[in-house]
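A.B. asks: Sequence:
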Amino acid sequence: MKRIPVLLAATAIVSGCAALGSGSTAESEIDSAYVAAVESAAKRFGTQVIWVNYPRKSASPTR
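Residues 1047 to 1109 in my numbering are what the sequence shown spells out, letter by letter.
By construction, these hints were calculated from the structure, which means they are not laboratory data.
Do not rely on the hints blindly, as some may be mistaken.
Here are the computed distance ranges between Cβ atoms for each label pair [said to hold, decoys possible]:
(1) Glu-1075 with Ile-1096: 36 to 46 angstroms
(2) Arg-1102 with Thr-1057: 27 to 37 angstroms
(3) Gly-1092 with Pro-1051: 55 to 65 angstroms
Cβ atoms here follow ideal geometry from the backbone N, Cα and C, with glycine treated the same way.
From just these sequences and the hints, can you work out the full model?
C.D. replies: This is the structure:
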């Protein structure tokens, strides 16, 4: 009977973490100029770039 509360707690924790999302917002766009430069350089050397996380432009501060 102790298993049920433990399973419920584990399910709640896992589902809570899944609800957080990826965290990407409109403020952080992919830095396409940097991606193009890196992929162009890699192509010249005959290598391939596999992006795990694309580089993001930093949001400019608003005042």
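A.B. asks: For every hint, state whether the structure bears it out.
C.D. replies: A quick look at each hint next to the structure:
1. Glu-1075 with Ile-1096: 36 to 46 angstroms: violated, 21 angstroms
2. Arg-1102 with Thr-1057: 27 to 37 angstroms: Because 33 angstroms falls inside the window, the suggested range holds.
3. Gly-1092 with Pro-1051: 55 to 65 angstroms: holds, 57 angstroms
Of the numbered hints listed earlier, the single one contradicted by the structure is hint 1.
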